[in-house]
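Peer 1: Spelled out, the chains give:
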Amino acid sequence: MRAFKCLIICAAVLTMEAAAIEIQGWDASASLDLQPFDVQTAIAPLKTIFWAKPDTAAVIALNKIDIKTVAKPLKTIYFCRYDNFLLIDLLPLIR
Amino acid sequence: MCQKMMFVISMVIFLWVFAAAQTTLNPPAGFPAFPAQSAGISAYVKIDQPVRITEALTKAFYRVIDVSASHILGTVQVSHFAGNVYPHVYIDTDGWFVAFFLATEPTALVIQWLGDTNNPSAAIKTTLETALETVAKVARITLPKPSFYDFRFPEANKMLILLSVLPSEGTKAMYIKIPNEYKLFLSSYFFYACNFYEALFAGEYAATFKLDETTITKVEGKENLQQVVEDLPTSYFEPEILHEIKVSFTQSGDEGSAGIAIVLIYREP
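Here the protein sequences line up with chains L and S, keeping their order.
Position 60 of the first sequence, counting from 1, maps to 60 under the numbering used here, and the rest follow consecutively.
Position 135 of the second sequence, counting from 1, maps to 135 under the numbering used here, and the rest follow consecutively.
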């Protein structure tokens, strides 16, 4: 039993020694744990006016629209141009 | 009135057609908001309070890529003396804050060089942490210290960052030995050198990064800073061998510095 315990301790010590990366001469080191995570959030339609990134072409185009006259069935305009992104929900703007 | 209405409708149709012609459509409502399939190394925090996605929040972003009522995704500019990097940042209404580099980007972009070109600091901080701090400041939320994860390597449980600087001319050798029991998934490095000085009399410089006597990269120039950030084949770090990483820096003026940072992603038994 005693010999078995010694064997376990020796194995543990050897395992501990084996489980280290050896580094020498570095000014700094940082070891960080990596832990998985899971984002469950789903995309939800935009409800309010939201200018993600002003886009000149879109701004010019939209300035030409008299927003008060837009009919109610028209809802969200999805306007994408190159890398810029603009989402506008017209409904809140209709007075 | 009727003419005005026709104009409005035609403008809306024009915008719709223009949008459909230029870009891919957005995923419909209900799709996962976080782009886990595109993400590589990530720093994340989940807070216990709801976050409002507002127009004000977009000010923290260098570029907004996607936005919905439940999330915002974009890039944030992080500046350090060796250049600017643009990690992606995702925020959602459930309280998730995730800063990440794309799976295709070199992992060593996480290195944030501190100090300045003439007095580089040997402290380690990641650009992902800084990106989270940037958006948290705009959102007026204090974030706890983030956790890290790499979506490309679900088996990996550790990231090791090693960093050394040469504040003046010279050669420096560092060593690393990886035990056989470890499984190395990725190795990446960030090497820079400079002799940057505002005055015109700055000298020329040359700097070399060698791994086991193999020249990995060499940069040289005058009055500027050059950097190389890329992933290295993991075969360079054969296990149970003490590998030498050597950096040399020569300069003809007094200004400038050089630095090397290595990032390893691996599984520790």
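The set of hints was computed from the structure by calculation and includes no laboratory data.
Careful, some of the hints might be misleading.
[What the hints assert, rightly or not] Which stretches of chain S does chain L cover? Using the computed rule of at least three CB atoms under 8 angstroms from a CB of chain L, they are:
(1) 79-86
(2) 107-117
(3) 120-134
(4) 157-163
(5) 229-243
[Said to hold, decoys possible] Simulated DEER-style distance windows between Cβ atoms:
(6) L:Gly25 to S:Gly83: 46 to 54 angstroms
(7) S:Asp231 to L:Gly25: 31 to 39 angstroms
(8) L:Gly25 to S:Pro239: 15 to 23 angstroms
(9) L:Ala28 to S:His243: 31 to 39 angstroms
(10) L:Asp38 to S:Glu240: 23 to 31 angstroms
(11) S:Lys222 to L:Asp38: 47 to 55 angstroms
All C-beta atoms, glycine included, are put in the ideal place defined by N, C-alpha and C.
Peer 1: Broken hints, numbered, in rising order?
Peer 2: 1, 2, 5, 6, 7, 9 and 10
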